[in-house]
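Colleague: Listed in order, the protein sequences are those of chains A and B. Just so you know, we're using this note's numbering here: the first sequence kicks off at 1 and counts up by one. Just so you know, we're using this note's numbering here: the second sequence kicks off at 1 and counts up by one.
Rather than coming from a laboratory, the hints here were simulated on the basis of the structure. Mixed in with the good hints, there may be bad ones.
To be verified - Pairwise CB distance ranges, derived in the manner of DEER restraints:
hint : chain 1 : residue 1 : chain 2 : residue 2 : range
1    : A       : Arg-366   : B       : Ala-45    : 35 to 43 angstroms
2    : B       : Ile-52    : A       : Gly-488   : 38 to 46 angstroms
3    : B       : Leu-44    : A       : Glu-364   : 29 to 37 angstroms
4    : B       : Val-9     : A       : Ile-440   : 47 to 55 angstroms
5    : B       : Lys-3     : A       : Lys-477   : 29 to 37 angstroms
6    : A       : Phe-46    : B       : Ile-52    : 34 to 42 angstroms
7    : B       : Tyr-24    : A       : Phe-46    : 39 to 47 angstroms
8    : A       : Val-447   : B       : Ala-45    : 35 to 43 angstroms
9    : A       : Ile-444   : B       : Gly-12    : 25 to 33 angstroms
10   : A       : Gly-212   : B       : Ala-45    : 23 to 31 angstroms
11   : A       : Gly-210   : B       : Ile-48    : 25 to 33 angstroms
12   : B       : Ala-16    : A       : Val-160   : 43 to 51 angstroms
13   : A       : Val-195   : B       : Ala-45    : 24 to 32 angstroms
Claimed, not checked - Subject to a maximum C-alpha distance of 25 angstroms in a straight line, what follows is the list of computed PhoX-like cross-link-like pairs (lysine-lysine):
hint : chain 1 : residue 1 : chain 2 : residue 2
14   : B       : Lys-31    : A       : Lys-232
15   : A       : Lys-482   : A       : Lys-392
16   : B       : Lys-3     : A       : Lys-496
17   : A       : Lys-482   : A       : Lys-424
18   : A       : Lys-103   : B       : Lys-61
19   : A       : Lys-491   : B       : Lys-31
20   : A       : Lys-451   : A       : Lys-103
21   : A       : Lys-495   : A       : Lys-482
22   : A       : Lys-451   : A       : Lys-102
23   : B       : Lys-31    : A       : Lys-495
24   : B       : Lys-31    : A       : Lys-424
25   : A       : Lys-491   : A       : Lys-265
26   : B       : Lys-61    : A       : Lys-482
27   : B       : Lys-61    : A       : Lys-491
28   : A       : Lys-392   : A       : Lys-304
29   : A       : Lys-217   : B       : Lys-31
30   : B       : Lys-61    : A       : Lys-265
31   : A       : Lys-495   : B       : Lys-3
32   : A       : Lys-496   : B       : Lys-61
33   : B       : Lys-31    : A       : Lys-102
34   : A       : Lys-102   : A       : Lys-496
Just so you know, even glycine gets a beta-carbon here, dropped at the ideal spot from N, CA and C.
Take a look at the letters that make up each chain.
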Amino acid sequence: MSVTFWVWFGIGIYIAVGLGIALMARRQLGAGVSEFFLANRRIGGFVSAGAYSATTYSAFMMVGLAGLTYLSGVGALGFELTYLCGMFMMVFFLPRYWLVGKKYGYITPMELLSDRYQSKWVGATAAILALVFLIPYSAVQLMGVGYLVNGVSQGAIPVVAGIIIAVFCTIAWSNIAGMRSDAWTDTFQALIMIVVSAIALGVVVTALGGFGSFFSKLEEASPGLLTVPTDKGAFSINMFIGLALPWLFFLISNPQVSQRLFIPKSVTAMKQMLGGFLVFGFIYTMISVLWGFSATLLVPGLEKADLATPTLLSLPIIPMGVAIIVMVGITAAAITTIDSVVLTLASVWARDIHKGLINPKVSEKRELRIGKWVIPIVTIIAFLFAWWATGKTGLPFMIASLSAAASAGLLMAVPTIFGAFFWKRGTAFGAIVSMIVGAIIVLIFQVTGWKPLGWWPGVWGFVVCVPLFVIVSLATKPPRDKAEEFLGYLKGALKKGRFI
Amino acid sequence: MTKTAWAWVWFGLLLALDIAIPWYVLTNVEKMSGAFLFWTIWVLAAIISAFIIFLRWREVKP
């Protein structure tokens with residue numbers, strides 16, 4: 001049997017099991033928007049942790065982060081662990097989102113902003129930001145699957161075929177039972193991701209003579225990759241902050257993850273979700289970075305760093321069975337992220353754009369139908385972007401860079417989100433102006449490739465949008481009654497649960 | 001200072017170390033025991049401190 005056959009076989013099994021789980025989830029699907037998009041806020045701790053982990057960690061890790069480590073060394077570890085350190089902020093935000101989500105019945109994080117600032121335009125602006133900047137992020141997931149299937153099949157399966165497989169799974173997983181099928185399939189896939197990546201790393205490290213020998217060889221062959229900046233100048237402080245700043249606030253800026261803060265059924269489930277995720281994230285990050293380092297030893301000199309993982313998997317030291325299951329694991333990582341993104345974007349369109357601005361009297365049934373229609377549309381736009389970007393080379397078109405660029409745009413909503421929970425004086429006008437101006441700066445700098453003083457687009461956007469939010473808010477009238485009621489409720493509820 | 005304020009200060013300190021140590025202290029250490037080991041221990045400190053805080057949470061009905 002050829003490699004190509006086994007690749008198709010592995011993908012076939014994966015799709016069949018995933019569809020089976022999604023169909024099982026459908027049996028428990030009730031009616032209504034809250035049920036479809038949030039599984040009625042009744043998800044237990046284990047599944048919440050699995051869903052959160054799988055949504056956050058994508059093809060970016062074993063393909064993009066491994067590629068960045070291959071190209072730029074240990075700074076990639078610092079960059080990704082800065083994200084994980086940022087998860088410390090969950091001790092502030094997780095209980096706040098969860099409490100107000102349950103009390104006010106928010107479906108999307110944007111709806112929370114609209115209500116808190118008493119303006120539909122705040123939610124709509126944040127929604128448009130998400131729709132614009134999450135497309136490249138979704139596209140990189142598709143690219144990851146495409147590269148991988150192509151690499152493992154040694155070029156027999158074209159990149160675009162891998163992308164189409166991911167598109168099919170995304171639409172199916174998201175449509176079958178909404179959040180419930182996403183959460184269940186995500187948890188199943190999170191287990192696949194961590195187990196198979198650990199097996200793969202074990203095989204490679206064994207081939208390199210164990211961890212001690214692996215580290216010695218690395219220090220001998222590529223010592224310059226073990227410092228920041230590297231001997232080739234990568235990971236200057238500017239590059240690090242440019243990549244890490246959007247990542248640091250990922251937990252609140254990316255609606256596909258912040259929406260998941262609404263779904264745990266209890267405080268116990270919340271604690272399990274956060275604890276499970278932190279452990280998962282630490283292990284998966286270490287595996288991905290060590291995997292990238294192993295590629296520098298085993299497949300040096302690649303022109304395109306994102307091909308480090310596919311190339312490594314096609315080496316004879318990796319048994320074909322292991323290569324196939326790793327490919328399935330990374331495919332799972334990619335699809336769990338993109339299906340969550342499109343589900344969130346569908347809810348955001350239906351709730352914050354259609355119901356918020358176009359037709360406030362829309363029935364719940366129609367709102368849900370509109371959301372379901374958005375799922376394939378967003379996926380196909382992401383597909384077109386991925387198809388275009390796969391032909392490009394260079395740092396800006398690497399999976400890591402495209403992912404960080406997407407989060408740089410979403411970063412512009414961060415002052416507005418902080419203001420919602422921590423500043424009574426924040427206003428809708430301040431929120432809207434800061435998000436729009438910040439996003440325009442990020443877009444212009446990203447499209448032109450301009451980095452004044454060497455600082456990246458997200459940093460410039462953030463430097464402008466934070467003071468803009470404060471100054472414009474101070475110059476305009478805040479929704480005092482709502483701010484008092486919203487923050488007053490939180491103050492009491494936080495104390496009761498010993499939250500901080 | 002309140003517990004919340006202390007938690008923010010601790011988080012700010014972690015972020016300051018994130019830049020200060022790898023770029024200014026370990027920049028010439030071309031070994032796994034340099035920036036690699038630092039970031040590993042540093043993030044474990046962040047994770048453990050998050051555990052210490054959230055394990056105190058108790059059940060509430062919103």
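Colleague: Which constraints among the numbered hints does this structure fail? Numbers only, ascending.
Modeller: 1, 2, 3, 4, 6, 15, 19, 20, 22, 23, 24, 33
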